[in-house]
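Chains as they are written, first to last, in this note's numbering: chain A, 1 to 404; chain B, 405 to 743; chain C, 744 to 999.
Quick caveat, the hints were computed from the structure, so don't treat them as lab data.
Accuracy of the hints is not assured; some may be wrong.
As a list, the in silico DSS-like pairs of lysine-lysine whose alpha-carbon atoms are at most 30 Å apart [to be verified]: (1) 586(B) with 849(C); (2) 642(B) with 739(B); (3) 584(B) with 745(C); (4) 449(B) with 431(B); (5) 642(B) with 275(A); (6) 921(C) with 701(B); (7) 511(B) with 574(B); (8) 568(B) with 738(B); (9) 921(C) with 584(B); (10) 849(C) with 275(A); (11) 738(B) with 716(B); (12) 568(B) with 511(B); (13) 849(C) with 10(A); (14) 34(A) with 586(B); (15) 936(C) with 109(A); (16) 738(B) with 992(C); (17) 921(C) with 417(B).
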Amino acid sequence: MDFSLSTEHKMTQRMVQDFAQKEILPIIKEYDRKQEPIPFALPRLGELGILGICFPVRYGGQGMDFISLGLACEELEAADTSLRVAMSVHVGLCGLTLLQWGSEEQKQKFLIPLAKGKKLGCGAFTEPGMGSDIASMQTTARREGDIYRFNGEKMWISLASKADLALVTVRTNLTDSQPSNRLSTFIVDLNSPGITRGDIHGKLGVRAGSTGWINFQDVLVPAENRIGEEGEGFMITMSAFDHGRYTVASGATGIVRSALSASVRYAKERSAFGKPISSNQLIQEKIARMSQDYEIARLLYLQVGWLKNQGVRSTLETSYAKKFATEASFRAADDAIQIHGAYGYSDEYDVERYLRNARGAIIYEGSSEIQTLIQAGYALGERKQKPLRCEMPAYDPVFWQSID
Amino acid sequence: MKIWVYIDHFKGKALPASWEVVGAGKKLGTVAALIFGQNVEALVKDAFEHGADEVLLADDASLADYSAEVFSANLATLATSGSPDIIMLPTTTRGREIAAMAAIDLKTGVMVDGIAIELQGDRLMVTRPIYAGKLLVKETCSTKPQIVTLRGRAFPKPTPEPGKTGTLTKVTPISGGELKTKVEGYSTSDSGVSLIDANVIVSGGRGVSNNPALTPPAGLDEKQAEIWRAQQGFTLVKELASVLGAAVGASRAAVDAGYVPYSHQVGQTGKVVSPDLYIANGISGAIQHLAGMRTSKVIVAINKDADAPIFKMARFGVVGDLFQILPALTTVFKKRLGK
Amino acid sequence: MKIVACIKQVPDSAAKVVVENGRISWGDAPLVINPWDEFSIEAALQLKEKHGGTVTVISVGGENDKEAIKYALAMGADDAILITDPTLAGADTQAIAQVLASAILKIGGVEAGFFGRQAIDNDSGLTPAQTARLLNWPALTLAAVITYDGSRIRVERSIEEGRQSVSANLPVVISLVKDYGEPRYPSFMGIRKAARAEIPTWSLTTLGITAPAPVISWPEIMNPPSREVVCEIISGGTPDEIAETLADKILAEKVL
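Here chain A stands alone, though its shape is the one from the complex (with noise of 0.2 Å):
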């Protein structure tokens, strides 16, 4: 069993590294500060490719594996959160699930722009009254010939004001028994009129980042637009979840790495009663736990990786990845506080801005507690996994690098 990265992710790794040291970290605290998205942030991860990294070239992108992705957002995370969130939810949400449930027409008409960075998309799903009950979202798709009527409010959507696209579930069925089956998932052109949006502020963390909602009001979407069968939009957002969070996972295990990089080099310059804080047992035992939890969340989500790679679906994995790495970061960013002791409570230092990003992570994108309510379903057996009508397919270096 090989556990080494191959020279394609190290170089992939560091690129992203140094993009992310050099452009980001010496600003990010002033944007933070000030709760505005950084200008060119975007646009430039758009222009390295890194908003396309892991889909085929055909497609519009830079044909690299799933593994590139988590790796890419554990650096991009390392910086700051809210470059993170662009990728969970342009990359993860919106382009990925395309990728795995969209038509060919589809593909080429809204994988490409997106994957080459010169659209943005988002995915909506959460609304003002619905967040981890999904069957139960009250926004509306009614079929009328060619086209669907959507009414209705989405919130909590992460580039909601900033992205030109959106993969949007919405209730398409009022009187199906089961509520799973009353959903269907569209791709959304957010310029359609009837359409407003505007930015949340205000939040605890992720404030250089772009959260709003999105409101609908008869908003005319073609049924072309409509990915898979009516009734399929429940399980194609399961999918999109899935994408999402391994892209958490991989995220968040940069926080920690973080947190624990901070540690240690504050550790090692603070003195007290004659001798660096590091050499104390109680400080010791707070990096110890950093770097323990980094080393597993790491591993957690490269196997999600792999298991992307594989073609195999990995619900399980990235739940327990997500799960843990979130949680993890939290912690890390809280030791990493107290290890700064003062100075960890201002935002001169880092590590608070760590702990506001970390904590909406346990929330959003399946709240922890979702999480333990999947992973206790497989260990009970009482989860079954049924096969999916559109399966993402395994990462085939050829077909992805290749343009015919």
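On the provided structure of chain A, position chains B and C as indicated by the hints.
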């Protein structure tokens, strides 16, 4: 030993490092200074007064502009007939290049950017930094002539003896044939000194805003008045920096208080710098700041608080009023550095 | 333009470098492309993009010194050659310049040899000029700006007094400084290509030369002396007196 020293100059004005090399050469043997250029006769007097025993002067239109190929070819040709034991140059952009190319012509080697030299028999042992100064090596060259360049400011500049003379030999430059490179012009670069690359940094901290002798203009509230006072204080910092060719740094306290932009912040959460000289004014020396400048070669602290932690790291300290010391220091350095 | 870029593999600039038992050690710091060489590759690629041609990377090193070459390929260089020969151990800049000059001549038709201004391990900055000398090509060193009008190449050199503008006909040797502009990151396609690349190796036999005997040697390598800092407080009757004394002390330290 027969020592030749190449005098590096720009438009007839010698770079001070050239005289340092003359001084170092004199400790090894008799020194002949080599001067190449056009209308550079004035340098001959300077060379003798700084200690050269002999001057080899090539004053010609073909040498009006510096050209690596031409200058190094001339040096090599002269050396082939003159057989110096050692050829020394300052490590300037031109000196390094001339040494490099002459060594090829003369089938010998260059010991570059030495900070200390000693003679062992007739072999020079040159101490020089490698890995950006993380290590030092003692280097030697097995062939003749031994070519060495010396780092600027590492060797003392000899005090000129007015009226001292020596032997002047005028040499004809070799006809280099068609000049391969054409010099098209010069311009001064207007980029300021960046903190990371600076050899000298002058910094200000919170103490820079405390000048009791200043009265802020009317109409400013307390916060604005504090910033105004700090900016007056930073003007003193900038004046010293300008005379020293230094970059301006600041402590976190000064940045947070709004005296200077974040780009000037030196410290754990600002820039980490490693200049040859760091002058800290009104900076107490909290560990976060020290972490950013601790590896500076020479730290000078000026602070009115004798217990300020920065004095523990400083090589030189002044416990006093920086609003008086800074301007005095600026005046003295202006004189000493001839600015 | 047919460009050959000469690069070197060195320990990462953040590495802690020490001497242990007479040998230089950088612990487990990674080996990377010499940072200055990234600028020369960038300049070469920009010229290729504007005027067409190819960029070939050559590097003198050991059998395993391929990281730097792969990085250059990932940035966009077309191909690469590793020059390796056990007889090159202990080579000085003069010897390396001879090897590089031979390689450039063997490649044939080369119009420009590009270098970073210096390698961050040896810090000598001699190799570009020496290679130029051996090839008898003009050396346009310390270039911050490069322009080519199809017949003459012009650079603005970064010198103590500002900028010097120099031009020459091809072929030339150029060395780059940081003022040139930020080098690009490797592209993903470049990374794949580099990871798969088979890098040919040339020995000195391939070049038809024997190892030039080094004339520079290092009888001693030392860790720099650790400095014990004892603060000297300068006092005096007036600020002017203090300033004079302090200035003298600072100047005596030879840091200005």
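**Message:** When the structure is checked against the list of hints, which entries are broken? Sort them ascending.
**Reply:** 5, 10, 12, 13, 14
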